[in-house]
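We have chain A already, so just place chain B on it with the hints.
There are 2 protein chains.
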Amino acid sequence: MNHPARLAAIKRPLPESLLSALKSVFEDRVSTTEAMRAHHGRDESSYDPMLPDAVVFAQTTEEVAEAVKMCGAYDVPVIAYGTGTSLEGHILALQGGVTIDLSQMNRTVAIHAEDLTATVQAGVTRKQLNQEIRDTGLFFPIDPGADASLGGMAATRASGTNAVRYGTMRENTLALTVVTADGRIIRTGTRAKKSSAGYDLTRLFVGSEGTLGIITEVTVRLYPQPEAISAAVCSFPSAGDAVNTVIQTIQMGVPVARVEFLDENGVKALNAHDKLGLPEAPLLLFEFHGSENGVKEQAELVQQIAADHNAVGFEWATRPEDRSRLWTARHNAYFALLQLRPGSRAISTDCCVPISRLAECILDTKSDCETHGLVYSIIGHVGDGNFHVQMLVDPNDPVDIARAEAVNERMVMRAIEMDGTCTGEHGVGMHKMGFLIQEHGEGAIDTMRAIKHALDPKNILNPGKIVHWEAE
Amino acid sequence: MNHPARLAAIKRPLPESLLSALKSVFEDRVSTTEAMRAHHGRDESSYDPMLPDAVVFAQTTEEVAEAVKMCGAYDVPVIAYGTGTSLEGHILALQGGVTIDLSQMNRTVAIHAEDLTATVQAGVTRKQLNQEIRDTGLFFPIDPGADASLGGMAATRASGTNAVRYGTMRENTLALTVVTADGRIIRTGTRAKKSSAGYDLTRLFVGSEGTLGIITEVTVRLYPQPEAISAAVCSFPSAGDAVNTVIQTIQMGVPVARVEFLDENGVKALNAHDKLGLPEAPLLLFEFHGSENGVKEQAELVQQIAADHNAVGFEWATRPEDRSRLWTARHNAYFALLQLRPGSRAISTDCCVPISRLAECILDTKSDCETHGLVYSIIGHVGDGNFHVQMLVDPNDPVDIARAEAVNERMVMRAIEMDGTCTGEHGVGMHKMGFLIQEHGEGAIDTMRAIKHALDPKNILNPGKIVHWEAE
Numbered sequence: 309m310n311h312p313a314r315l316a317a318i319k320r321p322l323p324e325s326l327l328s329a330l331k332s333v334f335e336d337r338v339s340t341t342e343a344m345r346a347h348h349g350r351d352e353s354s355y356d357p358m359l360p361d362a363v364v365f366a367q368t369t370e371e372v373a374e375a376v377k378m379c380g381a382y383d384v385p386v387i388a389y390g391t392g393t394s395l396e397g398h399i400l401a402l403q404g405g406v407t408i409d410l411s412q413m414n415r416t417v418a419i420h421a422e423d424l425t426a427t428v429q430a431g432v433t434r435k436q437l438n439q440e441i442r443d444t445g446l447f448f449p450i451d452p453g454a455d456a457s458l459g460g461m462a463a464t465r466a467s468g469t470n471a472v473r474y475g476t477m478r479e480n481t482l483a484l485t486v487v488t489a490d491g492r493i494i495r496t497g498t499r500a501k502k503s504s505a506g507y508d509l510t511r512l513f514v515g516s517e518g519t520l521g522i523i524t525e526v527t528v529r530l531y532p533q534p535e536a537i538s539a540a541v542c543s544f545p546s547a548g549d550a551v552n553t554v555i556q557t558i559q560m561g562v563p564v565a566r567v568e569f570l571d572e573n574g575v576k577a578l579n580a581h582d583k584l585g586l587p588e589a590p591l592l593l594f595e596f597h598g599s600e601n602g603v604k605e606q607a608e609l610v611q612q613i614a615a616d617h618n619a620v621g622f623e624w625a626t627r628p629e630d631r632s633r634l635w636t637a638r639h640n641a642y643f644a645l646l647q648l649r650p651g652s653r654a655i656s657t658d659c660c661v662p663i664s665r666l667a668e669c670i671l672d673t674k675s676d677c678e679t680h681g682l683v684y685s686i687i688g689h690v691g692d693g694n695f696h697v698q699m700l701v702d703p704n705d706p707v708d709i710a711r712a713e714a715v716n717e718r719m720v721m722r723a724i725e726m727d728g729t730c731t732g733e734h735g736v737g738m739h740k741m742g743f744l745i746q747e748h749g750e751g752a753i754d755t756m757r758a759i760k761h762a763l764d765p766k767n768i769l770n771p772g773k774i775v776h777w778e779a780e
Numbered sequence: 309m310n311h312p313a314r315l316a317a318i319k320r321p322l323p324e325s326l327l328s329a330l331k332s333v334f335e336d337r338v339s340t341t342e343a344m345r346a347h348h349g350r351d352e353s354s355y356d357p358m359l360p361d362a363v364v365f366a367q368t369t370e371e372v373a374e375a376v377k378m379c380g381a382y383d384v385p386v387i388a389y390g391t392g393t394s395l396e397g398h399i400l401a402l403q404g405g406v407t408i409d410l411s412q413m414n415r416t417v418a419i420h421a422e423d424l425t426a427t428v429q430a431g432v433t434r435k436q437l438n439q440e441i442r443d444t445g446l447f448f449p450i451d452p453g454a455d456a457s458l459g460g461m462a463a464t465r466a467s468g469t470n471a472v473r474y475g476t477m478r479e480n481t482l483a484l485t486v487v488t489a490d491g492r493i494i495r496t497g498t499r500a501k502k503s504s505a506g507y508d509l510t511r512l513f514v515g516s517e518g519t520l521g522i523i524t525e526v527t528v529r530l531y532p533q534p535e536a537i538s539a540a541v542c543s544f545p546s547a548g549d550a551v552n553t554v555i556q557t558i559q560m561g562v563p564v565a566r567v568e569f570l571d572e573n574g575v576k577a578l579n580a581h582d583k584l585g586l587p588e589a590p591l592l593l594f595e596f597h598g599s600e601n602g603v604k605e606q607a608e609l610v611q612q613i614a615a616d617h618n619a620v621g622f623e624w625a626t627r628p629e630d631r632s633r634l635w636t637a638r639h640n641a642y643f644a645l646l647q648l649r650p651g652s653r654a655i656s657t658d659c660c661v662p663i664s665r666l667a668e669c670i671l672d673t674k675s676d677c678e679t680h681g682l683v684y685s686i687i688g689h690v691g692d693g694n695f696h697v698q699m700l701v702d703p704n705d706p707v708d709i710a711r712a713e714a715v716n717e718r719m720v721m722r723a724i725e726m727d728g729t730c731t732g733e734h735g736v737g738m739h740k741m742g743f744l745i746q747e748h749g750e751g752a753i754d755t756m757r758a759i760k761h762a763l764d765p766k767n768i769l770n771p772g773k774i775v776h777w778e779a780e
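Chain order of the listed sequences is A and B.
Residues 309 to 780 in the numbering used here are what the first sequence lists, from first letter to last.
Residues 309 to 780 in the numbering used here are what the second sequence lists, from first letter to last.
This is chain A alone, in the form it adopts within the complex (with noise of 0.2 Å):
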C-alpha cells in the first residue's frame, strides 16, 4: 500500500561526505545496504516500506548527538528506530535519510529499587527491563502487544493492558535524556514523582514520535508485585453485554488491573493459534491485583456485574501459567489475527471514547465491518475506553483497502464526536495525520506546528510524521 505523501515527498540522494563522515565515527555500524535499509524502511502497519538511505547503529547518546548533528548539518532526515514495531507508519523514511537504530542501547543505566524507578538506555526492551528487576519484587506495567523498546514507548505515549490500572507511558515517564535536533543533549526531569519546575518537557516528548527530538534513555516507575493476582475469563452472549459489563467495573471504581475484551473473531483466531479453547464468543479477560482479601473483592463485585449482564460462565485462572498462557496469547492477538485471511495485511487502528460511549462506539464500528464484509476483529483495553479494529485486506486490491480505510475514518470520525480521541495508544505517524487535524482543529495543530517549528527548525527529524511542515 501506498500513501499519498510519498508523491509529494522530496527525496535527495544521501551526500557521499555525510556517508564518509558517518564511517569515520562508526565504521561498521553504518549500513546501506538494501535489506538493512529495507529492515529499518517499514513497520508493522499495512504501508509499503519507505526504506532510509542509510542505517547507523548507535550505542551511546553522544553518539545519536554526533549523527544528529552531521545529518544537521546537511539537512538530512533522522528517524530514531527501536524494535520496528509501530503500527501507523511511524518510521518510514518517507524523505529518505539516516534512520539511527537503538537496539544496540539496551544497557540498564541504573535500578533504583528502593525509589521505584529504572533509567535505561532507549533500546532496552519491556521485557529485557522485567527479566532484569525481576529479583527486585518490583515490575514495569506498561505492556504493548509488541516487546517494544523504552525508546519507542515513550515515543509513541505507549500503553497496554494494564493501562487502566497504572496508567501510560504519560504516568509513568519520569525522566528522558533527549538529543535536540541541533545535536545538543538534554534531561527532561529528575526522579522526583512529581515536580512543577517550568513546562513539561518530559510530557512533550513523551508521544512525539522522534520529531521534536531523539530519546536515548528512559526513567520510569516501577511498581512493588501485588501480593496477590488473580484472573479470569468470562463469555457473553452479545458485545454489547461484555461492554456494558466493563462500563460499569469503571463507573463503580472497581481498581482492576485489567481488562480486555475480544470479540468473536478475537476469540476464534486466538483459539487457532495458541489452542485456548475458549467459547467463540465476545469475552472479557480479566485481571486483578492486590492484597489476598482485595483481590476476592474485586473478583466477586465484578462476577456479580458480569452475571447481571448475562454472563455465561466465570472461569477462573489462578495458576501463574494459566494466567501466563492467557496474556501470552492476548499478546499475540496481532500475529493470530493476520492468520484469519492469509497472504492479507493488517489495517490496524484504534480510537479512544469517554467509557459511557464505549459500547456505542464499538457496536456502531462492528456493524459498519459486518455491513461491508469485512475479515475483522475488535479488540482492546475497553476498561480505559479504548479498543483497536483489525482489518484484513488484500495488500493487492484497492478496493478492499478503500472499504477498509472507510470504516476507519468512520471509526475515527465517530470516536472525535463522542469527545474521544483519533487514537488513544497507536499514535499518528502518517495514517493519522489528517484525523489530528479533525480532532483537535486548525489552532491546536498550528501550536502544535509552532513546538516543532521552534525545536526543529530545519525539519530533520522523521519528517512527515503527526504534523505537515515545510522547513523555512
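By construction, these hints were calculated from the structure, which means they are not laboratory data.
Please note that a few of the clues may not be correct.
Computed cross-link-like contacts, DSS-like style, restricted to lysine-lysine with a CA-CA straight-line distance of at most 25 Å [as the list claims (entries may be wrong)]:
hint: 1; chain 1: B; residue 1: Lys435; chain 2: B; residue 2: Lys583
hint: 2; chain 1: B; residue 1: Lys331; chain 2: B; residue 2: Lys766
hint: 3; chain 1: B; residue 1: Lys766; chain 2: B; residue 2: Lys377
hint: 4; chain 1: B; residue 1: Lys604; chain 2: A; residue 2: Lys604
hint: 5; chain 1: A; residue 1: Lys766; chain 2: A; residue 2: Lys331
hint: 6; chain 1: B; residue 1: Lys766; chain 2: A; residue 2: Lys766
To give an idea of the interface, some chain B residues facing chain A are shown, with a C-beta separation under 7 Å as derived from the structure [claimed, not checked]:
hint: 7; residue: Asp423
hint: 8; residue: Ala500
hint: 9; residue: Asp508
hint: 10; residue: Pro545
hint: 11; residue: Gly548
hint: 12; residue: Val661
hint: 13; residue: Asp727
hint: 14; residue: Cys730
hint: 15; residue: Thr731
hint: 16; residue: Trp777
Every residue gets a Cβ at the ideal spot worked out from N, C-alpha and C, and that includes glycine.
Same frame as chain A, now just chain B:
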C-alpha cells in the same frame, strides 16, 4: 521584600487607547483603582506587591481572547488571575500591564458523572466543584492548601494531600480550553482517558503559569467516593522515625490516600490555631480509602510499620467530623504557621526528592533551619517525597530574609543533588527561576525558551516568570 528582576523590568504606562478599547468591551468590569490593582498585584508569597495598570473581569473565553488580542496589539503584558493564592510571585505584574481576573468565570460547563469527568470554567474553585458534584457519588481529589481555582491549579500544576494516591493536576487534567498569545481559542484534548494523538498540549499548558496561554476551561477526572475512609494520627520521638515510616509504607506499595508529615513546630501552630490538642512532637496524619476490609488491611499494615519506627500512639479518627477537623486544620497550616511570629511574612518553599532520600533531605534541612535560628516549620506530602518549609521573616530585616533565602537555596540544591526537583508543587514563579536552570541545565532551559518564543513571540503572557527571555 523586593525582587532584583523588578529593577530590570521595563514598565511603560498603559496606552489610553487600549484602556478605552477594554472599556468598550468590559464596561464597568475594567478597573484602574489603586485598591483593585493592589489586590491583584500580590499573591501569598513574601514579595512586595507589583501592580498591574488595569484589571478586567472576564466572563467568557471569548472575552479573554478579546482582551488578549487588544493587549497584544499594544505589546502590553497580560496576567491571568484566579484566586491569588500562588506562593512564588506567579501573578505579580513585574512589567505592569493588564490582569485578567477569571473569578467571574465560575460556571460548571458539564458534569459527566457517567464518564467520571467534569468541565468547568477556570474560575471555579476546588471546593465549589466538590460541592456541585456531591450528589453524584464522585469527588475531585486535588487539594492544595488554598481553595484555589481550577484554572490556577492547572496553570501551576497543583497537587496536595491526595496526590500520593490520585496524582496531581498533571495526571488529572484531561483537556483545557486555552487562549493563545495571538488571541485564538484552542482545545488541547478530549474527554478520552488516554490518547496518543500528537503533542501533549494539555500537559504543556499544565504548569506553564500563564506564560504560554490563558486557561479558560478545565476538564478533569473525577473519582467514585470510596466505600470506606479512615484516618489516623500518630506521633514519633523524632522526625526521622516519622519519615522512615512513610518511606517504608511507600516502598511496600500500601495505597495510602493521604500521608502528611508535620514537625513539632507545625503541630504547635495547628494546636494553637485550631485547638487540636495533639502531642507536640513529629506527627503523621494518615487517610485510607477503599473497601471496609481494604481500609482495615492498609491501616493495620501501616500501624505495624509505624510501631517498628517507635510510633507513640496511633489514634483513629473514624467519625467524618473528626476527620474533617483534622484536614481542615492541615489545610489552614499556612495561616496557622504565620501566627507563630506576629508581624512576620512567610517565605514558603518546597522541594521533592526520590522517596529513599526523603529522611536525609528533611533532616538536613531541619538541622540547617535550627543552626540558623529560624522560626520555621516543615510539613509535607511526604508520600510523594514532597515537603514544605515555611520560614517566618521580618519583612523589614534584610539579614533575616537573607538567612532564610540561604536556607532555601541549600534545601533546593540538596534536593537537586538527590535527583529531585526545586519545586514539587509550588511552581517557579519568580522565586525559583534560577533554581530551574540549576535543575534542568542550559540545554533544557533553552528548549523551554524556544517553546515560549514560539508560542508567545512578543512575550506578553505573564512576562518574567519561569524563564527569562526577551521579545524580538
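Supplied contact hint for Asp727(B), tested at 7 Å Cβ to chain A: holds, 4 Å
Closest C-beta approach of Gly548(B) to chain A relative to 7 Å, hint status: violated, 16 Å
Pair hint outcome, Lys331(B) versus Lys766(B) [Cα-Cα no greater than 25 Å]: holds, 23 Å
When the least beta-carbon distance from Val661(B) to chain A is tested against 7 Å, hint result: holds, 6 Å
25 Å limit on alpha-carbon distance, applied to hinted pair Lys766(B) and Lys377(B): Status holds; Cα separation ~12 Å.
Satisfaction of the Cys730(B) interface hint, Cβ to chain A closer than 7 Å: holds, 5 Å
Interface restraint verdict for Trp777(B) against chain A (beta-carbon cut-off 7 Å): Trp777(B) check fails; min Cβ-Cβ to chain A is 12 Å, beyond 7 Å.
Pairwise hint evaluation, Lys331(A) against Lys766(A), where the allowed Cα distance is 25 Å at most: Given that 25 Å is the threshold and the Cα spacing comes to 23 Å, the pair holds.
Hint consistency between Lys435(B) and Lys583(B) [alpha-carbon to alpha-carbon, up to 25 Å]: holds, 24 Å
Satisfaction of the Ala500(B) interface hint, Cβ to chain A closer than 7 Å: holds, 4 Å
Pair hint outcome, Lys766(B) versus Lys766(A) [Cα-Cα no greater than 25 Å]: Given that 25 Å is the threshold and the Cα spacing comes to 23 Å, the pair holds.
Evaluation of the interface hint that places Pro545(B) against chain A, nearest CB under 7 Å: violated, 24 Å
Hint compliance for this structure: hints 10, 11 and 16 are broken, all remaining hints hold.
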